[in-house]
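**Student:** Each chain, letter by letter, is given below.
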Amino acid sequence: MIQPRPAPVKSHGFRFWLRKNLFNGPFNTVLTFVAAVVVAWSLYNLANFIFVEGSWGQVWRNMRLFGVYRYPVEYLWRPLLALGIMLGLMGVMAGAGGRKSIVAGAFLPIQGFVAVVSIVAILFWPSVRFLWPGALVLGFLGYFIGSRWPRSVKYLPWGWGVWLVVGYLLLSGLTTGGTLGKVPVRDWGGFLLTLILFTGIIPSFPIGIALALGRNSKLPVIKYFCIGFIEVVRGAPLIMWLFIASLLLPLILNVDANSLPAIMRAYVAITLFSAAYMAENVRGGLQAVPRGQGEAARALGLSAWQTTLLIVLPQALRAVIPAIVGQAIGLFKDTSLVFIVGLVDFFKVGDIVSVQPEALLVTGGVKLEVFLFIAVIYFFFAYRMSIASRQLEKRLGVGER
Amino acid sequence: MSASTAVVPFWRNVKIIGVIAQFVFVIALVAGVGILVNNVVTALAKANLPADFSFLGKPAGIPIAERAVPYQVTDTYARALLIGFLNTLKVAVVGVVLATVIGVLMGVMRLSSNWLVRTMASVYVEVLRNIPLAVQIVFWYSAVLLPFPPRISDPIALPGGLIMSNVGLAFPFLYPTYRFGVWVPYLIAAAVLACVAWWWRRRALAKADRVGSVWPFPVVTFLVVAGLGLGLSYVGRSVPGDLTFTFEADRGRGTTAFVVDGKSRPAAFVPVAIEIEKASLTVSSQNLVESRQDVRGSVRFPLISESEADAFEFAFADAEAAEERGLQLSFDKYPSIATIYVDTNGNGKLDAGEDVDPATSRGYGGVDVVMTVTNFRRTLVSDRDGQVRTPTFKHADDVAAAAVEESAAPRAGTRFSAFGQAATATVSESALTAKTEIQPVGALVFSRAYVPVSNYEGGMRLTVNYLALLLALVVYTSAFIAEIVRGGILAVPKGQREAARAIGLSGTQTFSLIIFPQAMRIVLPPMISQYLNLTKNSSLASLAGYAELFVIASVVSNQTGAAIPIALLLIGSYLVISLAFSVVLNQVNARLALVER
Numbered sequence: 201m202i203q204p205r206p207a208p209v210k211s212h213g214f215r216f217w218l219r220k221n222l223f224n225g226p227f228n229t230v231l232t233f234v235a236a237v238v239v240a241w242s243l244y245n246l247a248n249f250i251f252v253e254g255s256w257g258q259v260w261r262n263m264r265l266f267g268v269y270r271y272p273v274e275y276l277w278r279p280l281l282a283l284g285i286m287l288g289l290m291g292v293m294a295g296a297g298g299r300k301s302i303v304a305g306a307f308l309p310i311q312g313f314v315a316v317v318s319i320v321a322i323l324f325w326p327s328v329r330f331l332w333p334g335a336l337v338l339g340f341l342g343y344f345i346g347s348r349w350p351r352s353v354k355y356l357p358w359g360w361g362v363w364l365v366v367g368y369l370l371l372s373g374l375t376t377g378g379t380l381g382k383v384p385v386r387d388w389g390g391f392l393l394t395l396i397l398f399t400g401i402i403p404s405f406p407i408g409i410a411l412a413l414g415r416n417s418k419l420p421v422i423k424y425f426c427i428g429f430i431e432v433v434r435g436a437p438l439i440m441w442l443f444i445a446s447l448l449l450p451l452i453l454n455v456d457a458n459s460l461p462a463i464m465r466a467y468v469a470i471t472l473f474s475a476a477y478m479a480e481n482v483r484g485g486l487q488a489v490p491r492g493q494g495e496a497a498r499a500l501g502l503s504a505w506q507t508t509l510l511i512v513l514p515q516a517l518r519a520v521i522p523a524i525v526g527q528a529i530g531l532f533k534d535t536s537l538v539f540i541v542g543l544v545d546f547f548k549v550g551d552i553v554s555v556q557p558e559a560l561l562v563t564g565g566v567k568l569e570v571f572l573f574i575a576v577i578y579f580f581f582a583y584r585m586s587i588a589s590r591q592l593e594k595r596l597g598v599g600e601r
Numbered sequence: 035m036s037a038s039t040a041v042v043p044f045w046r047n048v049k050i051i052g053v054i055a056q057f058v059f060v061i062a063l064v065a066g067v068g069i070l071v072n073n074v075v076t077a078l079a080k081a082n083l084p085a086d087f088s089f090l091g092k093p094a095g096i097p098i099a100e101r102a103v104p105y106q107v108t109d110t111y112a113r114a115l116l117i118g119f120l121n122t123l124k125v126a127v128v129g130v131v132l133a134t135v136i137g138v139l140m141g142v143m144r145l146s147s148n149w150l151v152r153t154m155a156s157v158y159v160e161v162l163r164n165i166p167l168a169v170q171i172v173f174w175y176s177a178v179l180l181p182f183p184p185r186i187s188d189p190i191a192l193p194g195g196l197i198m199s200n201v202g203l204a205f206p207f208l209y210p211t212y213r214f215g216v217w218v219p220y221l222i223a224a225a226v227l228a229c230v231a232w233w234w235r236r237r238a239l240a241k242a243d244r245v246g247s248v249w250p251f252p253v254v255t256f257l258v259v260a261g262l263g264l265g266l267s268y269v270g271r272s273v274p275g276d277l278t279f280t281f282e283a284d285r286g287r288g289t290t291a292f293v294v295d296g297k298s299r300p301a302a303f304v305p306v307a308i309e310i311e312k313a314s315l316t317v318s319s320q321n322l323v324e325s326r327q328d329v330r331g332s333v334r335f336p337l338i339s340e341s342e343a344d345a346f347e348f349a350f351a352d353a354e355a356a357e358e359r360g361l362q363l364s365f366d367k368y369p370s371i372a373t374i375y376v377d378t379n380g381n382g383k384l385d386a387g388e389d390v391d392p393a394t395s396r397g398y399g400g401v402d403v404v405m406t407v408t409n410f411r412r413t414l415v416s417d418r419d420g421q422v423r424t425p426t427f428k429h430a431d432d433v434a435a436a437a438v439e440e441s442a443a444p445r446a447g448t449r450f451s452a453f454g455q456a457a458t459a460t461v462s463e464s465a466l467t468a469k470t471e472i473q474p475v476g477a478l479v480f481s482r483a484y485v486p487v488s489n490y491e492g493g494m495r496l497t498v499n500y501l502a503l504l505l506a507l508v509v510y511t512s513a514f515i516a517e518i519v520r521g522g523i524l525a526v527p528k529g530q531r532e533a534a535r536a537i538g539l540s541g542t543q544t545f546s547l548i549i550f551p552q553a554m555r556i557v558l559p560p561m562i563s564q565y566l567n568l569t570k571n572s573s574l575a576s577l578a579g580y581a582e583l584f585v586i587a588s589v590v591s592n593q594t595g596a597a598i599p600i601a602l603l604l605i606g607s608y609l610v611i612s613l614a615f616s617v618v619l620n621q622v623n624a625r626l627a628l629v630e631r
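Keeping their order, the protein sequence lines are chains C and W.
Everything in the first sequence is counted per my numbering, starting at 201 for the first residue and increasing by one.
Everything in the second sequence is counted per my numbering, starting at 35 for the first residue and increasing by one.
Take the hints with a grain of salt, since some may be wrong.
Cross-link-like lysine-lysine pairs, in silico, PhoX-like; alpha carbons within 25 Å at most [as the list claims (entries may be wrong)]:
no., chain 1, residue 1, chain 2, residue 2
1, W, Lys-383, C, Lys-220
2, C, Lys-423, W, Lys-312
3, C, Lys-300, C, Lys-354
4, W, Lys-297, W, Lys-312
5, C, Lys-220, C, Lys-210
6, W, Lys-469, C, Lys-418
7, W, Lys-383, W, Lys-312
8, C, Lys-594, W, Lys-383
9, W, Lys-312, W, Lys-469
10, W, Lys-367, W, Lys-383
11, C, Lys-594, C, Lys-210
Keep in mind the hints are simulated off the structure, nothing from the lab.
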């Protein structure tokens, strides 16, 4: 007689999930309990600190320093207009790509961030009460234009170019006094400065590509020059290059140290440093392009330049987009090193804020609060970029074709 | 005329164009560099700044607390830079080891079948690698480590002899003694024998045509011989006749030295036993802020464990005044930390609010408390310079006399009591005496860490600056290593695991013999580049106040104005480090490369 078989084990539902993921076997059960204790303890301490122990007044009072440092209040509409235009351009890109595109995936959380700040601004910050919502509206306007007229994307490179120039003019100002009064570069700071330095990755693109092509060149002089540049720059830490640039650039260019603001020196160092890393990334892409592609292009009668620019480079760059985003994350984090040349970026503002007289009145200081806040902001943007990088990797099918 | 014989005009000949292009490039480069160098030279001459390396021989005058080799403020710039370089290595080497351990652990945890463990590891990795290292260093330094108990006299004593405060961490450590020479021949013999064992085992394996591990044989041989030597160094040990120990109990200082022909030379790492029959020590209570909390009327005695003395007695220096005010002592940590309070509700213990002085609404600060110990004994190991320190006890009678003196004097400021002056006024001849004995040692001595007065003594000491930098570097880099390890393990084809299980290997065997070696091949190259990153990132040391190469170089550059030589030195040093790493990387790559047939 056939024995009745036991009923099949339930293979779905919450209890099955628990058994499969947390309690499959004695070892895992113990592990689960240990981990649960660790997690509970950490979360309790974190929550206790955030809601009970922490005194966040110092962070809250200094939001303007964190944002723009000493940028004059009456001119605050200018950086925010630049931000609005940037959001608008991103919006066009996102709108044209559709709601599920990667650009939209990055754009919408940033809009969400701006929206949250806007609400706070409307409620608490009279000087920028209408400016933040304005930037938000510009962003959505761009999104609307992009999704209504997707072909407007064609003009985007021009838009970005114009934005760089207009943005710079807006920030620095044109006249002495008046609506467009000049703002000395040393007053730029906070998150504004972090973003400005982050744009250093844009000029590092062409330089990096040139270095990568040079490194692959058959001409020994050019090849070894490029190898030397890339390896020397990559061999030493960015903080050292910033330091050297701040000391030596005025000497090398034979100009007065005061006429070359620290921000420019830092920008040059960051761009060249980033270019060396970019070159290595691009070189990886060049190696990934099958030789046959170049040979076929030559066989079709394309010139060497045409082969490189039209056939090899596009494929090479496509393969290394995730690596480049990874590098962008690295650069975003590395902008925090400009404190070494006396610039006051988002990170350095934390230092200043935590030693203000009001901060010293708080028992035990406010360093923990300030740097927790800074860490959260950096994390938000860096993590958002790393998600985009992972999506790109999947979308492009790197390593799968 | 066929095409093949067509003469290509020289301006369209690729080779000639190439040569011309390079020529033009070189000329442009030389001209550009020439102009720039010329600029620099004129600028340096104008500003009267040094452009050569001659400044390296001048005295630096830079105080450096953190040093691996002896250094004084009067030493040269070259030596200061060397200290910086060694400090870089010190943080890099330890950091690499710890980051690997934590990173591998986290990488494996990310692949755990346990959802909670997996998620925890993911959060760890994502959070830590997306926050700038600079923020993390400052966080560890000023938000985590500096808020530790702010006074060295109140460190957190952890099990295993670890002592932690906001000055740093101290823990027991093994040091070589003056008898280390006895062990050296054994060490050499052990190394030689290990080589022989390795060679013999390898030949035996080859002869038998067997696959097996070579390493256990030489390792065991080395350990046995070296261990034997170490053991023998403890046999028949005695104290050399010329080894002396001078101890001034009043000042709590002593020196171990070899005295030969009247000349004394410090003897490093000599254990000495000190015994003091009866001694006292006065400490003023203080109101402090610790870890965001007010600490009221706290009395901190030097860290003495209960087993180090037969009896402890505590009394207020001004007993009458204390009685008048109803002051009492409540021990937080017997016998080193106590709080002064007034027992208002009369239940004999400290309750909330009883430590607040109604007159000042603060704690009872500035009250002198006398600790008297009976038969205090401690075995200490002298440091590298032969120095020994103990708490600065006074003769019990002196303290009593001083207390009388003070109570007679008008009480002006209680906060900074007049005890010091009173004591000098009544310095008596009854100097404190101690029984001391030098103890015999073997090749190594186990040195414990103590807090005699105001700094750690003995053991191994790590400053809070070093710890902050190390922790930040380790945690930050371990997040990247975890990702590399995870990727490496995932990259091993699934079929490998399945095949290993199919031929009957256990789970552990599958991992250690099949998965791990193959993952290693993928993991090692990016891992080594992470090690290099860690080393380069140590240049952020200034954020934690740690004197590393870049920090010292920038100080030197500021002092001398020798920007160009310093820049060249820095670039050179970092290139050497990078090159060393790439040599290792190439070796590893060569060894790991698939042998293709």
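**Student:** Now look at each hint and say whether the structure bears it out.
**Tutor:** Hint check results:
1. W/Lys-383 x C/Lys-220: violated, 53 Å
2. C/Lys-423 x W/Lys-312: violated, 79 Å
3. C/Lys-300 x C/Lys-354: holds, 20 Å
4. W/Lys-297 x W/Lys-312: Cα-Cα ~34 Å, so violated.
5. C/Lys-220 x C/Lys-210: Holds, at about 11 Å.
6. W/Lys-469 x C/Lys-418: violated, 81 Å
7. W/Lys-383 x W/Lys-312: Given pair W/Lys-383, W/Lys-312 is violated - Cα atoms ~29 Å apart, limit 25 Å.
8. C/Lys-594 x W/Lys-383: violated, 67 Å
9. W/Lys-312 x W/Lys-469: Within the cut-off at roughly 11 Å; holds.
10. W/Lys-367 x W/Lys-383: holds, 14 Å
11. C/Lys-594 x C/Lys-210: violated, 33 Å
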